[in-house]
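Protein chains: 2
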Amino acid sequence: MEFYAAIRTRQSVRSYKPDPIPQDALQRILEAFQSAPSWANCQPWELILVSDPALKAGLQACLPENNPARRAMLEAPVLAVAVGIEGKSGFYKGQASTARGDWMLFDLGIAAEHLCLAAAAEGLGTVHCALFDFAKANGVLGVPAGRSVVEIIPMGYPAKETRRVPRKDLKEFAFKDRHGAGYL
Amino acid sequence: MEFYAAIRTRQSVRSYKPDPIPQDALQRILEAFQSAPSWANCQPWELILVSDPALKAGLQACLPENNPARRAMLEAPVLAVAVGIEGKSGFYKGQASTARGDWMLFDLGIAAEHLCLAAAAEGLGTVHCALFDFAKANGVLGVPAGRSVVEIIPMGYPAKETRRVPRKDLKEFAFKDRHGAGYL
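Protein chains in written order, with our numbering: chain A, 883 to 1066; chain B, 883 to 1066.
Isolated chain A (complex conformation) (with noise of 0.2 Å):
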């Protein structure tokens, strides 16, 4: 698929068909993860993929009542679970080396939308989950301490057509040279 028509493809879907996801698909998206950037290239990430169906009952309820995509947990093939390692990203020496500390949900941000973008380019559906108890999936999957789960992104084939969400203008967030001078 066309970079940008992956980009235009990819939306939240919470409502998924049961069929598998095609292990050479699956690759490929791995592939994407992987090749993600991150800080001094650390690489802070491990990744679960999810299909047993008590363990996505298990993951289901650290999600609150209000969450959207709890159906989704259910539903979906497949929930790729993206693990932050703490400590590594934005660290040096074991010191900190800017006044944000930890850098490591930066870099799961970009790993997991490679992911959620070469899904797209393969026909699926995904939605980054966070809203969740991390501490009780860490206990679902085992994740040990220094380790913890930051998102679960069901992913499978769309269960029918998402509706684009609409962004905020590019000139209420773009400026040129200097906050808050017009760009466009």
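Honestly, the hints are just simulated from the structure, not real lab data.
Quantities reported herein were computed from a predicted structural model and do not represent experimental measurements.
Treat the hints with caution; some may be incorrect.
For identical chains, the list gives no copy identity; a pair is met inside one copy or between any two copies.
[Stated by the list, open to error] The list that follows gives simulated cross-link-like pairs (lysine-lysine, DSS-like), each with its CA atoms no further than 30 Å apart:
no.	residue 1	residue 2
1	Lys-899	Lys-1042
2	Lys-1058	Lys-1018
3	Lys-1018	Lys-899
4	Lys-899	Lys-970
5	Lys-899	Lys-975
6	Lys-1042	Lys-1053
7	Lys-1018	Lys-970
With chain A held as given, fit chain B onto it using these hints.
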């Protein structure tokens, strides 16, 4: 460009030609940034495109001597400066929704990478740069309180071919169903 070709083409570029970026390419890149997903579509970002030489020098002065992107701050025709809006992403009615509090860094990672991938699709190079003094950069660009520069991304035509940096093997970090369980 084909989606996976853009993923492969995007490498960290730290040496740039002075050639300007065509306006139509810049527009497509901005729209790719704009279309990034974010927590509850809160879009906690702004983008400042810096081409003024004095401001570029001011931003360069925010980088420590050991940042390998120092020269790129002057060489690249445009510095795309990603600004995060604090206290929006991951919050509901002023309360943090998860144990991680502000989710802005994750969302900014996604949006910044949309920009870098789109630039790659246009034949342009970029590099994620976050090793600098954020407060000082805010002063240079007049970024008001409640917002902060989080990345400076030089953007322009690469001056030379960039080598691909190796990544961890998939079997080191991709697991099936439970943490540590072999996937491949």
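Hints, verified against the model:
Taking CA atoms no more than 30 Å apart as the test, Lys-899 paired with Lys-1042 passes inside one copy only; the shortest distance there is 9 Å, against 46 Å between copies. For the homomeric pair Lys-1058 and Lys-1018, the shortest alpha-carbon distance between copies (18 Å) is at most 30 Å, but the shortest distance inside one copy (44 Å) is not. Taking identical chains as interchangeable, the C-alpha atoms of Lys-1018 and Lys-899 lie at most 30 Å apart only when both belong to the same chain, with a minimum of 27 Å there against 50 Å between chains. Proximity of Lys-899 to Lys-970 under the C-alpha cut-off of 30 Å is found in neither arrangement, the shortest distances being 38 Å within a copy and 33 Å between copies.
In this homomeric assembly, Lys-899 and Lys-975 never come within 30 Å of each other (Cα to Cα): the closest approach is 47 Å inside a single copy and 34 Å across copies. Proximity of Lys-1042 to Lys-1053 under the C-alpha cut-off of 30 Å is found in neither arrangement, the shortest distances being 33 Å within a copy and 34 Å between copies. Within a single copy, Lys-1018 and Lys-970 get their C-alpha atoms as close as 23 Å, and across copies as close as 24 Å, so both meet the 30 Å cut-off.
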